[in-house]
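Student: Chain by chain, the residues:
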Amino acid sequence: MPAKAVLSGVHFMNGDEAIAEGALAAGCRFFAAYPITPQSEIAERLAARLPRIGGTFVQMEDELAAMAAVVGASWGGEKAMTATSGPGFSLMMENLGLAVMTETPCVLANVQRAGPSTGLPTAVGQGDMMQARWGSHGHYELIALCPYSPQEAFDLTVRAFALAERFRTPVLIMTDEVVGHMYEKVEIPEEVSEASRRRPQGPPDEFLPFKPDEDLVPPMACTGDGYRIHVTGLTHDERGYPDMSADAQDRLVRRLCDKVRLYPDEYTLWEEHSLEDAEVAIISYGISARVALRAVELARRKGHKVGLLRLVTAWPFPDELVRRVADNVKGLVTVELNLGQISREVERAVRGKVPQVGVYHPGGRIHRPEEVLAGIEEVI
Amino acid sequence: MPVKEQRQAPPPEITQGRHPMEKYLRMDRIPHIWCAGCGLGTTLASFLYAVDDMGLDPDSLAVISGIGCTGRVAGYVRMDSYHTTHGRPIAFATGLKLAKPYTKAVVFSGDGDLFAIGGNHFIHAARRNLDMNVICVNNLNYGMTGGQVGPTTPLGGRCTTSPYGNFEHPFNLVYVAASAGAAYVARWTSLDVRRLQKAIQEMLSRKGFSFLEVIAPCPTNYGRRNKLGSGLDELRHYADHAVIKHGADLSETDIIPGQDFLVGKFVDSEKPTFWEMYQDKVAELEKRSSR
Chain A
1 MPAKAVLSGV HFMNGDEAIA EGALAAGCRF FAAYPITPQS EIAERLAARL PRIGGTFVQM
61 EDELAAMAAV VGASWGGEKA MTATSGPGFS LMMENLGLAV MTETPCVLAN VQRAGPSTGL
121 PTAVGQGDMM QARWGSHGHY ELIALCPYSP QEAFDLTVRA FALAERFRTP VLIMTDEVVG
181 HMYEKVEIPE EVSEASRRRP QGPPDEFLPF KPDEDLVPPM ACTGDGYRIH VTGLTHDERG
241 YPDMSADAQD RLVRRLCDKV RLYPDEYTLW EEHSLEDAEV AIISYGISAR VALRAVELAR
301 RKGHKVGLLR LVTAWPFPDE LVRRVADNVK GLVTVELNLG QISREVERAV RGKVPQVGVY
361 HPGGRIHRPE EVLAGIEEVI
Chain B
1 MPVKEQRQAP PPEITQGRHP MEKYLRMDRI PHIWCAGCGL GTTLASFLYA VDDMGLDPDS
61 LAVISGIGCT GRVAGYVRMD SYHTTHGRPI AFATGLKLAK PYTKAVVFSG DGDLFAIGGN
121 HFIHAARRNL DMNVICVNNL NYGMTGGQVG PTTPLGGRCT TSPYGNFEHP FNLVYVAASA
181 GAAYVARWTS LDVRRLQKAI QEMLSRKGFS FLEVIAPCPT NYGRRNKLGS GLDELRHYAD
241 HAVIKHGADL SETDIIPGQD FLVGKFVDSE KPTFWEMYQD KVAELEKRSS R
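Note that the protein sequences, when read in sequence, are chains A and B. Going by the numbering used here, the first residue of the first sequence is number 1, and it counts up by one from there. Going by the numbering used here, the first residue of the second sequence is number 1, and it counts up by one from there.
So that you can see chain B by itself, here it is in the shape it has in the complex:
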């Protein structure tokens, strides 16, 4: 499905108490559980605006989440949505996608879910180039369980289980994704809502394994313990340090506290997906047996 070049209609009017994208939301589950100042709401909205703008049939989408704050996304979208086990949304989505190859599989989960307990599944889904879209909301810690240190916590970051400051080297998610073979890799902050929407539209219109990292504030846990102020202050802090550099050398994309970090679209390539290669093999077998 091609991405529309330009939004023609003016943006929908926002009225108090109504969300312009509520046709895609399970309004009977609102209010959501996310904290004020969290980046999840804007990230989810960006996804819904992307779906709306592309005119996608919600029945052609499946949203799959793991466990954690981001894991709750699946519970709020009015689409076929699966809230699976911790770390396994990509593995679950692998089965769903291969059983239903024309469904667009969107995996929404957090940094701990996708890169600690689920890291192996991420790497292998990217390696296989499964046709799925993975959106990782990276809040630099485990929010749902009370703010423990995670695989993306920057060096020195204070968390409940790194009370003296984190001394473990963190993962650079976009570098991991690109190294593992992802066909599309981008990073934005949750302030960049238009860029997020555009990135998600690109992901949904391309084939193969696409990955979007969203740097998001967690004012209740990470922001508070690291004296980053309110959610808005924390978001401003990230936005102030974010420097756009499309196609950057991924070895230069580390997130180091107090320093600028790179955002942008880092990888946008095309290669055959798992499903296409499987189908090629099937065709080859059929040809061979019909000889």
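So here's chain A without its partners, still in its complex pose:
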């Protein structure tokens, strides 16, 4: 394994490896995880790469520990990531919540497989989309990105680190087994800008570690910076001290949500295909969007005016975008490898103004383009 962080050049690699390389290019120097399929290639590549470039790889005893270690490493000043799948994602929910509450920048890649429970450990699924949104207890916001190719897995991982630092929040890469194991060309640019962390400027005596700047995000003082701060998962005030009042809860939770919700332009990513004259729009993400693209072709050949809205950012959900697309079509088809998760968000955003058909499969295989075509023909 080469001893340089950014592997500039053209590569043939799978989505998992591209995530690992994206992390290194973004400046990630700490990775903790627990073995699980189908994320293995992320951990294996980083186990080989990190010791060569001054980083730390540690295989923890479980996913609870992996996520906790990532939060600890981020406070220690490193850019940190973990990766998991299926049951491991469930275990990470606890300390994902800690990361949200303590405003800890970090990245979690979930290479989705089919559940519930052990389910189909080696086969594709997209059944964790709602868990990504609501899986930890309490009300919160975070950012989730869905790559549909190894190239995008690389690009979005770089982006994820930048967003994690910008918003001081965990960012999820919600990919899936097929993208994770799909080998394609990945171009890594000559230079990748590393995510930068906003650090406090003033003297320690005057520093309030959870007093936000104007954009609602506080600068972050890390271990040993001299600020001697207290960080707690309890509801806290601007000093970081526990405050058990409903008012403190109201102030903190609203700010944690608003600091993300108020800046959709900075993280809402999407792609539109053939929507200009479309009468039917498919809404999909990740691997399902690739199948949907083929279905658009098949439908066009049959004379149906169909386009695709590919969601790259799943959370926070792009309500405005979906409404705008829905306003210009007569029907929507949502395609995903679960029995209707993101489609609920589509319904909520569109408020019944346009009929919607869901093309669902609970995972184990990707959709066949013909199944999506059938959904299109149902809504026409």
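In short, the hints are calculated from the structure, not lab data. Take the hints with a grain of salt, since some may be wrong.
Here are the computed lysine-lysine pairs in the DSSO-like style, where the Cα-Cα straight-line distance is at most 30 Å [said to hold, decoys possible]:
{"#": "1", "chain 1": "B", "residue 1": "Lys198", "chain 2": "B", "residue 2": "Lys245"}
{"#": "2", "chain 1": "A", "residue 1": "Lys4", "chain 2": "B", "residue 2": "Lys287"}
{"#": "3", "chain 1": "B", "residue 1": "Lys287", "chain 2": "A", "residue 2": "Lys211"}
{"#": "4", "chain 1": "B", "residue 1": "Lys287", "chain 2": "B", "residue 2": "Lys198"}
{"#": "5", "chain 1": "A", "residue 1": "Lys4", "chain 2": "B", "residue 2": "Lys281"}
{"#": "6", "chain 1": "B", "residue 1": "Lys245", "chain 2": "B", "residue 2": "Lys227"}
{"#": "7", "chain 1": "A", "residue 1": "Lys353", "chain 2": "A", "residue 2": "Lys330"}
{"#": "8", "chain 1": "B", "residue 1": "Lys271", "chain 2": "B", "residue 2": "Lys198"}
To be clear about the criterion: a stretch of chain B counts as covered by chain A if any three or more of its residues have a C-beta under 8 Å from a C-beta of chain A, and this derived list gives those stretches [as the list claims (entries may be wrong)]:
{"#": "9", "stretch": "53-64"}
{"#": "10", "stretch": "78-88"}
{"#": "11", "stretch": "117-131"}
{"#": "12", "stretch": "272-285"}
Chain A stretches covered by chain B per the calculated footprint, using a threshold of three residues with CB under 8 Å from any CB of chain B [claimed, not checked]:
{"#": "13", "stretch": "58-64"}
{"#": "14", "stretch": "88-98"}
{"#": "15", "stretch": "227-237"}
Glycine is no exception: its CB is placed at the ideal position from the N, C-alpha and C atoms.
The hints should help you fit chain B onto chain A, whose structure is shown.
Tutor: For chain B alone, coordinates are given in the frame of chain A:
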């Protein structure tokens, strides 16, 4: 950092309302939430005296706690301090320590946090010989949540969830720690403040995974339900039954109600830490690639 041989200056004078170690405390968070008669105050003070005596820069330390009464330690020390999730302070500290290898990581937590919900992390951190110092204040039950039975509750111990007396075999924490590979293992009661301070100074000056068990009274819950009297009575009860035996055979260190139990320094060894072994591997890779 070597431990000073002898304290030269006389102990700081204690005046009403001021704590001699308050420079290390978040005085704006005092009074603390701990009950009168609890062993946590003296244990925390022992730690602060140790830091003071060693002349450690507070910025070179990080205090990491889990959830529970002991979990609140992190909230009172004026250092970089992290109050994490239940059972996970060691896992959190693993990340922090590896990101910041020259920071001294001190994990302060309770018996339930470190050995029930967090037991697996404890075992594996000891196995890896991570360079961290774990102080477990063992009050034999879950104090914060109202006195439930825990993994260290002695046989017969009455708790809110063992109303007819505990019938589960308890963990012997020092035995667990030594078996899992801890480089330093000691047990004292919270009465032994000088010995606690000395033990903590030894832990902070050694490398590798060090573990200190502090047997502490919980007069509000465990002491009251088991008719051990006030906090002071309960402490006296433990102190009366504590027998010092350094280097004892750990299979003989069980805590059995009504019987004497062993305290002392049981393990004090040296072996390469996770970080040192990782660095060795890095050096080996560099050597190989420069050939």
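Student: Against each hint, give a clear statement of whether it holds in the structure.
Tutor: Here's how the hints hold up against the structure:
| no. | hint | verdict |
| --- | --- | --- |
| 1 | Lys198/B <-> Lys245/B | holds (16 Å) |
| 2 | Lys4/A <-> Lys287/B | holds (16 Å) |
| 3 | Lys287/B <-> Lys211/A | violated (47 Å) |
| 4 | Lys287/B <-> Lys198/B | violated (41 Å) |
| 5 | Lys4/A <-> Lys281/B | holds (17 Å) |
| 6 | Lys245/B <-> Lys227/B | holds (28 Å) |
| 7 | Lys353/A <-> Lys330/A | holds (9 Å) |
| 8 | Lys271/B <-> Lys198/B | holds (21 Å) |
| 9 | 53-64 | holds (count 5) |
| 10 | 78-88 | holds (count 10) |
| 11 | 117-131 | holds (count 4) |
| 12 | 272-285 | holds (count 5) |
| 13 | 58-64 | holds (count 5) |
| 14 | 88-98 | holds (count 4) |
| 15 | 227-237 | holds (count 8) |
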